[in-house]
Every structure is written in structure tokens, then in C-alpha cells.
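All chains, please: the whole structure from these sequences, using the hints.
Residue numbers (the working numbering), protein chains in the order written: chain A, 1 to 302; chain B, 303 to 634; chain C, 635 to 975.
Derived from the structure by calculation, the hints contain no laboratory data. One or more hints might be untrue.
What the hints assert, rightly or not - Listed next, with one range per pair, are the computed distances between beta-carbon atoms:
#1 B:Ala634 / C:Glu778: 32 to 42 Å
#2 C:Gln723 / B:Pro603: 44 to 54 Å
#3 A:Leu219 / B:Ala634: 52 to 62 Å
#4 C:Glu778 / A:Ala24: 48 to 58 Å
All figures in this text were calculated on a predicted structure; none of them were measured in a lab. Heads up, the beta-carbon is just placed ideally off N, CA and C, and yes, glycines get one too.
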Amino acid sequence: METRLAPPSGIWRQSWYRFRRNRAGVIGLFLVALVVLTAIVGPFFAPYDPNDHSAMMRGASNAAPGAVNLFGTDRNGYDVLSRGIYGAPTALAVGLGAMVIASIIGVLVGGVAGYVGGFTDEALMRGTEFFMVVPVFVVILAVVRLFGIMVVGTPLERIPNLNLMTIILLLGLFSWPQVARMTRAEFLRLRHAEFVEAARCIGTTPREILFRHILPNALPPLIVLVALGVGGAILAEAMVSFLGFGDPKSISWGQMLFFNYQSLKVAPWACLVPGAAIFVTVLGFNLLADGLTDAFNPRVRS
Amino acid sequence: MTPLPDAPLLDVRGLRKHYKVLKRALFGRRQARIVRAVDDISFVLQAGQTLGLVGESGCGKTTAARSILDLVRADAGEIRLDGQDVRPILAGADRAAMLGVRRRMQYVFQDPYLSLNPRWTIDEALREPLRVHAAQDQQGWKERIAALLETVGLEPRHGVRYPHEFSGGQRQRVGIARALAVGPDVVLLDEPVSSLDISVRAQILNLLAELQDRLGVAYVYISHDLSSVRFISTHVAVMYLGRIVEIGAVDEIFARPRHHYTAALISAIPPPSPGAVDKRVHLLGEVPSAIDRPTGCAFHPRCAAALPICREIDPALQPTGPNSQAACHNPA
Amino acid sequence: MRSIPVSAADPAPLLAVEGLKVHFHTRDGVVRAVDGVDFQVAAGQTLGIVGESGSGKTVSSLTLLRLAPPPAKIVAGRVMFEGEDLLTQSDKRLAEIRGRRMAMIFQNPATSLNPVLSIGSQLTEILRWHTGASAKAARERAAELLALVGISDPVARLRQYPHELSGGMKQRVGIARALLCEPSLLLADEPTTALDVTIQAQILDLLADLRQRLGMAMVLVTHDMGVVARMADRITVMYAGRVCETADAVTIFNAPQHPYTRALLESVPRVDHSYSGARRVLPSIAGRPPDLLHAPPGCRFHDRCPEATAECRQVMPREHVVAAGHTVSCLRRGSPGESAP
Numbered sequence: 001m002e003t004r005l006a007p008p009s010g011i012w013r014q015s016w017y018r019f020r021r022n023r024a025g026v027i028g029l030f031l032v033a034l035v036v037l038t039a040i041v042g043p044f045f046a047p048y049d050p051n052d053h054s055a056m057m058r059g060a061s062n063a064a065p066g067a068v069n070l071f072g073t074d075r076n077g078y079d080v081l082s083r084g085i086y087g088a089p090t091a092l093a094v095g096l097g098a099m100v101i102a103s104i105i106g107v108l109v110g111g112v113a114g115y116v117g118g119f120t121d122e123a124l125m126r127g128t129e130f131f132m133v134v135p136v137f138v139v140i141l142a143v144v145r146l147f148g149i150m151v152v153g154t155p156l157e158r159i160p161n162l163n164l165m166t167i168i169l170l171l172g173l174f175s176w177p178q179v180a181r182m183t184r185a186e187f188l189r190l191r192h193a194e195f196v197e198a199a200r201c202i203g204t205t206p207r208e209i210l211f212r213h214i215l216p217n218a219l220p221p222l223i224v225l226v227a228l229g230v231g232g233a234i235l236a237e238a239m240v241s242f243l244g245f246g247d248p249k250s251i252s253w254g255q256m257l258f259f260n261y262q263s264l265k266v267a268p269w270a271c272l273v274p275g276a277a278i279f280v281t282v283l284g285f286n287l288l289a290d291g292l293t294d295a296f297n298p299r300v301r302s
Numbered sequence: 303m304t305p306l307p308d309a310p311l312l313d314v315r316g317l318r319k320h321y322k323v324l325k326r327a328l329f330g331r332r333q334a335r336i337v338r339a340v341d342d343i344s345f346v347l348q349a350g351q352t353l354g355l356v357g358e359s360g361c362g363k364t365t366a367a368r369s370i371l372d373l374v375r376a377d378a379g380e381i382r383l384d385g386q387d388v389r390p391i392l393a394g395a396d397r398a399a400m401l402g403v404r405r406r407m408q409y410v411f412q413d414p415y416l417s418l419n420p421r422w423t424i425d426e427a428l429r430e431p432l433r434v435h436a437a438q439d440q441q442g443w444k445e446r447i448a449a450l451l452e453t454v455g456l457e458p459r460h461g462v463r464y465p466h467e468f469s470g471g472q473r474q475r476v477g478i479a480r481a482l483a484v485g486p487d488v489v490l491l492d493e494p495v496s497s498l499d500i501s502v503r504a505q506i507l508n509l510l511a512e513l514q515d516r517l518g519v520a521y522v523y524i525s526h527d528l529s530s531v532r533f534i535s536t537h538v539a540v541m542y543l544g545r546i547v548e549i550g551a552v553d554e555i556f557a558r559p560r561h562h563y564t565a566a567l568i569s570a571i572p573p574p575s576p577g578a579v580d581k582r583v584h585l586l587g588e589v590p591s592a593i594d595r596p597t598g599c600a601f602h603p604r605c606a607a608a609l610p611i612c613r614e615i616d617p618a619l620q621p622t623g624p625n626s627q628a629a630c631h632n633p634a
Numbered sequence: 635m636r637s638i639p640v641s642a643a644d645p646a647p648l649l650a651v652e653g654l655k656v657h658f659h660t661r662d663g664v665v666r667a668v669d670g671v672d673f674q675v676a677a678g679q680t681l682g683i684v685g686e687s688g689s690g691k692t693v694s695s696l697t698l699l700r701l702a703p704p705p706a707k708i709v710a711g712r713v714m715f716e717g718e719d720l721l722t723q724s725d726k727r728l729a730e731i732r733g734r735r736m737a738m739i740f741q742n743p744a745t746s747l748n749p750v751l752s753i754g755s756q757l758t759e760i761l762r763w764h765t766g767a768s769a770k771a772a773r774e775r776a777a778e779l780l781a782l783v784g785i786s787d788p789v790a791r792l793r794q795y796p797h798e799l800s801g802g803m804k805q806r807v808g809i810a811r812a813l814l815c816e817p818s819l820l821l822a823d824e825p826t827t828a829l830d831v832t833i834q835a836q837i838l839d840l841l842a843d844l845r846q847r848l849g850m851a852m853v854l855v856t857h858d859m860g861v862v863a864r865m866a867d868r869i870t871v872m873y874a875g876r877v878c879e880t881a882d883a884v885t886i887f888n889a890p891q892h893p894y895t896r897a898l899l900e901s902v903p904r905v906d907h908s909y910s911g912a913r914r915v916l917p918s919i920a921g922r923p924p925d926l927l928h929a930p931p932g933c934r935f936h937d938r939c940p941e942a943t944a945e946c947r948q949v950m951p952r953e954h955v956v957a958a959g960h961t962v963s964c965l966r967r968g969s970p971g972e973s974a975p
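Here you go:
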């Protein structure tokens, strides 16, 4: 069946056209936009300093939501709403930071493996598999704890959020294998694509073929993968923090859960708010990825 | 490149491409087997001529064409363009010389959808050969692209569109325009109409014929469809398991095929007229794999006219007519 | 319901498709893939349905067994087969008919067989399900059919898996599978398109031979004029979801009436015709088939037709009989216009 779309031309504009038709994707984009907006302008509107736990001194910890504290206070006397807002930039920094690292390593390794092929490919892919079978959480927990001890007394100690950066780095270091495998698969497919052979026929240099033909065509599935990965990294950081291995100097939703889960019965709001925030953010990125899958697939119909 | 006097435009000699495949028997050791995809083929193409390269799937016709342009690196053989062997130039490091060869030989792919970068407009696709070969200053490109689109029956305003906005026939026109952009003397056409609808096939075949008459370009036309080969070609080479089994002027071979495989191929096409007399040359069995190439004449297990000698000795091409040769011990 | 007699001597055809409409509901609108199609097949007869991609020939044939995949939706029409309307039967009844009374051969032999089941189990399963035959009887029958379709050493083949067979062999197994329950009608959708010409010739020989020996009727869907000339008794030419012309094969090839049929026949180069010397030009049809999402009003072929008049751009032609057993949908051949829907 030959059916033709009569929509706007231009690959990106058409992708946007298809994206808009995927309800899940649009909801995802809305949720992600909400989180990003909160991260950027939220701090200006936060009712309290997130590190202000003076309420505890006043005996107002675990206060129920009300006029003074919109979402109540937690067992340490922090304002839940303010801390929730300040958790957004942390979550985004973790998600985006980890995936930027993963994308750079993954695209480089996968790209070289897929484009060069042969022994290089074999060696790089075996290396990638090594990173895939490592139990990520055990390594992250161990490294964070050991590093935390090692820096004590060194100038490194004065770097703000050092622990958080370590977590981001480690998440990035263990998330790149998926990106590498996808990049390699795309490069292998595209290396023998007819339009690449056509470019070789014309005499286009390998470098131009790589950057003008192969890379742009390999991007769409990678973007989807990275969008999913952002959600995954945020969730992973929340889990690390929830286990108490997070950065005590930064404000993270996972850590809020860690501090408050014992008072769940007394002050459920202190857990519900960060829990909901994690849920909304991860769901947003997953739905966004779903929408992007459709957007980049021109064959999607009905 | 100075053409040698009397040298043919394209002279392919002893082109060979073998693949090694690893075959592993259950619990056994890996065995390297050799697939003779293209096994010492030779042909000559003069300016303005079309050589139809025909055969069934797996006969090596596409591999042969691809190795002529170094898309697949041949193992042996010479590809002489105006008498000069260009195989080392295409494989070599001298980019200017390589571009000089590529300017003279171009390729049109089977599937025009796959052979155009989906993220580029038609203008961008046609600008690539101009940019790579720096044929003109950038100001001239726009006019050149417009002229190219008109040459292949498209309108210049179509240039801003993307490949998926075109029908199959229009995309193939773009593929042809891209090949013509550098002004080649030889164009290798790899099944250029087989992915198209019948009513569109005729349009593209007419376009190819018209371009040849107008520009004097020579074609190597690869196809399994003998009807279109008969239409477009002046000469035809029939391939079977990596070898040319019959080659010569198209009318001579279609009117009186001497190799039994050629005869079987031609007669296997049902004529578009009901109740036509069945003059079929029946073939036994199916094409063997190029790994297990039969001894002697590779065609003998399927040939009704096989002699004892056919099992022993591989026949060489022998003249069978004024303008034709066949590799057969017992020609029809 | 209007009906057009196939021929005077055939009052009750085996299969009669009447006013069939299949639409695809896509996000971009309704694609009228099949838009009012009629054809009949008499017992023992072969009907060739010819058309280009997008003509609706494949969708029409799949609809006979209600196999057209979503978003295809049968909007109107009847498929009368052996006295019952298949479009109104229950799924259970249809399952009994599929494979037993009406069987199908697919275009791609490589994907129409299940790769993880042996040839034997794929064949006997159908037989046991439809006829309740014993395992032993089913195996015997399966071997018998493999022999019938020209497969040597059939008993050994039953134990083999699809990947161990060549393309031509797989298509033979596909044919054997279709013939297991001796259907009265065989649907073949481009049965040889995926095969090499010499193998195609073998499969066409086989189908012609089987048809004669088993007295089966056949619907052969193809774009290849040579294949249809070789196989069909009657031919229906389709264009953009409508039937252009139906007649016996000799008439279609020797005295075609519809401008599209004529143009289609002329545009195919012939292997037995010399093109050297003369200027090489094939008579071709300008333009391309219409986008069925935005089907033009009037005759679907009018913008490519050399004979089109102003009327053709407005009025949709209806099928009408120009001679016994020969129907044409063309205003220039005396067809009446279709009344507004």
C-alpha cells in the first residue's frame, strides 16, 4: 500500500509532527518540562531555605501540611516543599550528567567498533561486555564509601558536592555499554547502507561519510536510548541515596526518602513528596522516549 | 589520463572475487570454504554501448559490478579504462587520481530509497558529487543541479524535497541524476528498475535509452529480467556461478542462444500472450551453491545436453557466431 | 445488488465477490484500498488478478479469507463462496473453511513456513486439525503430497526444517500445504515473484499441472503479464482499488478495451522482440498511480489516460458488458456513470 503523508517537509519538522500525535510522548514532554522548569525557577519561589531545619528547634518537625509549611515538615524539621524543589536540579544534574558521560564514551567506543570493524570491533565489544556484567550498585556503593573516606583531610574535601559528582561519574561509566552497543549496531547497518556506498562511489572521503552520512542517521535511536537512560540514572541515584550512600551535602529525593522512611507512619508526606517527584520525573523521561521512538519512525501509522 | 589509441572504453580482464566462509560442522572444526562469487570474468565495453549482465540470484553479477568500482575489493584482474588499469588507482592513496577515475565511472543502485540519504534533500544529494569533485565554483552548482533534474525528467523546484516525498520512479530518477552529475563515460546500473512498478519501469527504461542516445554514455546493465536487458542492451553476458557462460551481441544471443543455460533462461520467461507454444528448455534441479561448484562445466548437472566430457573439463569461451562466444562443449 | 454474469453458461460461480470495499483508517484519513470490486471464479477456473502495487489486488485476495491485516476494514460487499457469505460467517466457521475449502499460497516461501517446526509437523498439523486423521495417516498423506509437488524422497523431507530447503523447495512445500485438504479454491498471491526465472518456470508448470489433475479453481494475483498469460483462463485488471476490465485471457491480451489494460500490455518490453536499429522507446504510461488517500474524482485513471475527456474527470465509470464475458469500466467504452454515493 502506498500512502503518502502530506505534512510539513524537513526531517526534524516531520518528526515533531509525528511526535505531537503520540499522546504518551506529549505527556512525557510536559512532565519533563515541568521538572526542568521547577529546577530552573523553583528555587526562586521556594518558601524556605532548603537547609533550614530551625523547625526542629521549635519542635515543629513532622508537622502536617498546612498554611505554614504547604507540604509539611519532615522529621529533621526541613520544609518538604522547599527540599523537594531543590531536589529537581540535583535529579537533572544526575540524569543529564551521567548520560552525557555515557553518550560520549558510548558513541566513541561503539562508533569506532562499528566503523573500523574486525579485531578492533571484537576487542572493544568484549570490553563493553565486561562493563555490562559488573554489578553496578555494589561497585558504586563501595567506591562512594571508600572515596568518601580517602578524601578526608585532603584538599579534595573542599570541593562542593564531591560525592554527588562521584556518583554521576560512576553512573555514566556504567551506562555507556548500552549506548556503545546501539551505536555499533547502527554504524554496522549504515556502513553498508546503499547511500553510504553511493557516497563512496562519488569519492566522498571516509571522514565526510562518517560525519555527514553515518552519524546523523545513527542519532535518532541513540536519542531515544539516552532519554530512557536519563530516567534510569535518576532512579539509580535515588536508590544509592536511599541506601544512605548519597551525598549528604546535596539535596536529593532519594536521600529525603532515606531520612524519612522510618517516620512513614507519622509523617507520610515527607516520603510521598520526593517519591512522587521521582515517579513523575522517571515516568516523564520514559514517556518522552516512547514519543521519540514514534517521532523518528516514519512508518508509524494510526 | 591519455587514452591509448584503439583501446576500448572499458576492458575488464580476469576479474576475480572469492570469499572465504567459515563453515562449522556440529562439534567439528571450522572449515574454511571458498565461495567463488566472481571467477575470472572478462568483457569489453565500447563508448555508447550497453552490456547487459544477466543471471539468477547468486550468480555474481552484482559482485562483479561492485568490484569494478572498488565497492568490493577484487582479488585479481584488470579494469582498464581507455587502456589504463584503474584497479590500483581506486584502491590506492592518490586521491586526485582516484577522483579522476570516479568521475568517469558511476553506479546506480537497485533500491533508490536505500541509496539516497533519508536526511538530505534532493538538492543536497546532488550537491555532494559537485562538492567532492569541485567541478565548478559554488555559483554554478545551482544551475547545474537544476539542469540535472531536468535531464532526468524532474523539475528544479523538486530539489527542496526529501527522498521519502517521492515515488519510487522519481527517486530512481534522482539516483540517475546523481550518477550523471560528474559527467561519467560509464554508468553501472544495478537492477535499476526491478523495484519499480511496471508502468514506471517503462518510463525509466526510456529515460536510460534517451540519456544514452543524447550523452553517448556506456552502460553496464545488471539484471535478472531478460526482457528489459533485451530492450536496453547492445551486448549481453550471461553469468552462471561466477563465470560468464555466453557473451555477445544481444540480437545474436537472444535469437539463437548457444549455451543451454542461456536458452533455458530465455525460454523460462512466459511470453505475455496466452496460449503461446511452449518451447521451453527444461532445467533439472536448482542452482547449486557457489561453495559446492560442480566439477567440469558447472552447469552440467542441470543440463539436458551434457556429455561425459562436461563432467571432466571446464569449457572455455569459444566463438559461436560473428559476435558471440559461449563456454559449452556441446553448443545448441 | 447488481451482478454481472461471467458467462451465460455459468449461473452459480464457485466464488462471487460483489461490491467489495476495504478501507484503511489511518491517522491521515481513509485510504480506499479496495473501492467497489466485483469478480467471479467458476469451479475449476483460474482467475488472474493483475495490477500494480496499490491497485488493491492483494488486499482483495486477502479479504476473501478475512485475512487483510488492520487497519484494513471491510466496509461493504459480499464474498459468496460455495453458497455462503464469508464476510458474515463466524470466526469458527471461517477457520473451518480456511485451508480446507479455500487455501492460500504466499509470496515469500521463506517467511510463510514456521522455521522452528519440521516440514512434517507443519503439514500433518493442518491435516489432523481439519480432518481428524490419525498421526500415521496424516504423515502418509503429507508424504504423498510432497511427492505430488515434485519433491524427491518425501518421507525423509518430512523430518527436515525449512532452512534446509532451497527457495523453490520451500515454495513447493507451501503448495503441498495448501493442497492437503483438497480445497476447491486456491489463492496464490505472487507465488513466483520471489523466485528466480528458471525456478518460477518450474513452479508455474507444477501449478498448471496440479490444477488440471485436481480440478481446482485458482485466484492468481500477480503483476507479471507473462505469468498471467501462461496461467489464467480469465483476467481481472485492477487499478487504484477498482476493476478496469475483466475478460477471458485471450481477449485481454488480443483485444483489450480499457486504455489502462492496453497501456499496461504495451509498456512491457518483450524478450522475443529486437530493439536494435530502431529508436528505443517503450510506450509508457505517464505519471504514477493516484494517492488513494486523496483519490481523484471521476475515473481513477483519468489523469494518465490518453483518451480522457472532461466527463472522465467528474464521473466514476461503472462496469458494463461490452461482449459476452467481457466487462469494462470506461466511459469512453460506453460504461454508465456511477450514481452518487
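Verification of the hints:
1. B:Ala634 / C:Glu778: 32 to 42 Å: Holds, at about 38 Å.
2. C:Gln723 / B:Pro603: 44 to 54 Å: Holds, since Gln723 of chain C and Pro603 of chain B (Cβ atoms, about 50 Å apart) stay within the stated range.
3. A:Leu219 / B:Ala634: 52 to 62 Å: holds (57 Å)
4. C:Glu778 / A:Ala24: 48 to 58 Å: Holds, at about 54 Å.
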